[in-house]
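S.K.: For the protein sequence lines, the chains are A and B, in the order given.
Reminder that position 35 of the first sequence reads as 56 in this note's numbering, one-by-one numbering, no gaps.
Reminder that position 232 of the second sequence reads as 417 in this note's numbering, one-by-one numbering, no gaps.
Calculated from the structure, these hints are not laboratory results.
Treat the hints with care, as some may be off.
Claimed, not checked - Cut-off 27 Å, straight-line C-alpha distance, at most; resulting in silico cross-link-like pairs (BS3-like, lysine-lysine):
no. : chain 1 : residue 1 : chain 2 : residue 2
1   : A       : K125      : A       : K47
2   : B       : K400      : A       : K57
3   : B       : K529      : A       : K23
4   : A       : K47       : B       : K247
5   : B       : K279      : A       : K40
6   : B       : K247      : A       : K57
As the list claims (entries may be wrong) - Sample of chain B residues facing chain A (criterion: CB under 8 Å; computed from the structure):
no. : residue
7   : F252
8   : M259
9   : F515
Said to hold, decoys possible - Residues on chain B that point at chain A, a partial pick, calculated with CB under 8 Å:
no. : residue
10  : Q254
11  : F327
12  : T514
13  : L518
All C-beta atoms, glycine included, are put in the ideal place defined by N, C-alpha and C.
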Amino acid sequence: MKIAKSVARYIGDVIYALKTLLTGMKITGYYFFHPKEILTQQYPENRDTLKMFERFRGEVILIHDENNEHKCTGCSACEIACPNGTIEIINKREVDPETGKSTKAIDKFVYHLQMCTFCNLCIIACPTDAIKMSQDFEHAVFDRTQLTKVLNNPGSKLMPGIRE
Amino acid sequence: MKPVFLKFSLYDFSEWIKSIHQWLIELAGPTIGHLLGLALVGTCFLLFTALLGLSVVYIERKVCAFFQQRLGPMRVGPYGTAQTVADIIKLLFKEPTMTKESDKFLFMLAPFIIMIAPFMVLAAIPFAKGLHVMDLNIGLFFILAVSSIGVTGILLAGWSSNNKYSLIGAMRSGAQIVSYELSVALSLLTIVVLTGSLQLSEIVASQADGWWIFKGNFPAIVAFIVFTIASTAETNRGPFDMAEAESEITAGFHTEYSGIKFAFFFLAEYVNLFIVSAVAATVFFGGWMPLHIGNIEFFNNAMDLIPPIVWFFMKIAVIMFLVMWFKWTFPRLRIDQLLTLEWKYLLPISVVNLLLMSFIALKGWHF
């Protein structure tokens, strides 16, 4: 009885093993005969049509709208959140021409791309969602000074109603 | 006498080969003519293996890529076809390095021993009607015996490298090949029971009315599966590539080899793959014999239109594809799993299978 049982288990094992192996081969066989499943991107050739997925972290950018206005209040939360000092916020005092009050505004949003690890912490820290990660990944330059970027466009202003 | 090249026929090479032989003897006398003939055959095989290596490496890389949802080589030449040529040129220009305390003579010798085995086996394989270097009456036995010489080269390479990874790889390979040899031989014997001959030309001739995989009932299919698994292990190919498991022992027995000597190991692997597929095609799928079904005249005649050599290479291609398929699907086995598979599963199954086949042959139940 015991022997019969173990023989049955042996044969069962062999059949089960064959079944599972064939399952694996079915999957790879499906991939082989369906070239549409290929994931490889032919990069320099498809440069014009290449679209990176939304979650891809290329570099930090400051969002500007069509009036050249951004949402950065210069609170430096991103600068504090950055683990390796990639972001430097340089503020200036600005006198409002209507009320005559002096307010804080960003002079330069300096971003050192060469130090960035694309950890996304600055984007999480930003209270006004002024910055985001872009999908651009072609960062190669001939001189590393070019990697230090000023993110706010010249002459850009804070979007009204953000500070409140 | 007609000139040599006029006797060429794609369906029967024996006339052509005979006329070349005659021509050589007339040209240079019996002794030198015979030697010239041998040299000619040797050169043909050298060229053949070189071309085979080039094409099979490319095909394997492409097939592997498609199984893994990749494209494979695409840059060198159209669809990467010149990739292997570029690789060979790179290997030729590389420096042949050597470890300090290695056994220099054995280290140099090992790649040649590894290449000798597949070359000797190639001689016994019938490529087409009349295209057969030596038709030994113990052809299958010769193939089994000679193909295991290759392991000597692997052991020598591992031993002489003076590297622990090489030695571990070589020892694993030794254990593996000694074990799997049994299953290979037993699964081939299953068909020999039916043919009653070890001579390869007779094995091919016995399949003129149908291949053994169809005629031999269920045991022939089991024997083919066992043969495919065991011979893959014997050629050190994945998922049984314990001898060169990259993740554990860098590259196993050829860790210390570079340049053209490494290329020899690489080439030997692919020639072995070809040989294993060729033996499987000859024994189970009728060698160069076209697909014949019983005595259906018009079907058999239609199949005869395709030259035997094309049939042979088509069968080899299909079997190679099968071997590549499971190489690139399954993960590598551990050494204990590998030996368990052989001694606890493949060997008992092939022994029972042989018994079953003998019974069928005795009762005359095969077709």
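S.K.: Now tell me, hint by hint, if it's right for this structure.
M.R.: Evaluated hints:
| no. | hint | verdict |
| --- | --- | --- |
| 1 | K125(A) <-> K47(A) | violated, 65 Å |
| 2 | K400(B) <-> K57(A) | violated, 39 Å |
| 3 | K529(B) <-> K23(A) | holds, 18 Å |
| 4 | K47(A) <-> K247(B) | holds, 18 Å |
| 5 | K279(B) <-> K40(A) | violated, 46 Å |
| 6 | K247(B) <-> K57(A) | holds, 15 Å |
| 7 | F252 | holds, 4 Å |
| 8 | M259 | holds, 7 Å |
| 9 | F515 | holds, 6 Å |
| 10 | Q254 | holds, 5 Å |
| 11 | F327 | violated, 32 Å |
| 12 | T514 | holds, 4 Å |
| 13 | L518 | violated, 12 Å |
In terms of the numbered hints stated before, the structure departs from hints 1, 2, 5, 11, 13, listed from lowest to highest.
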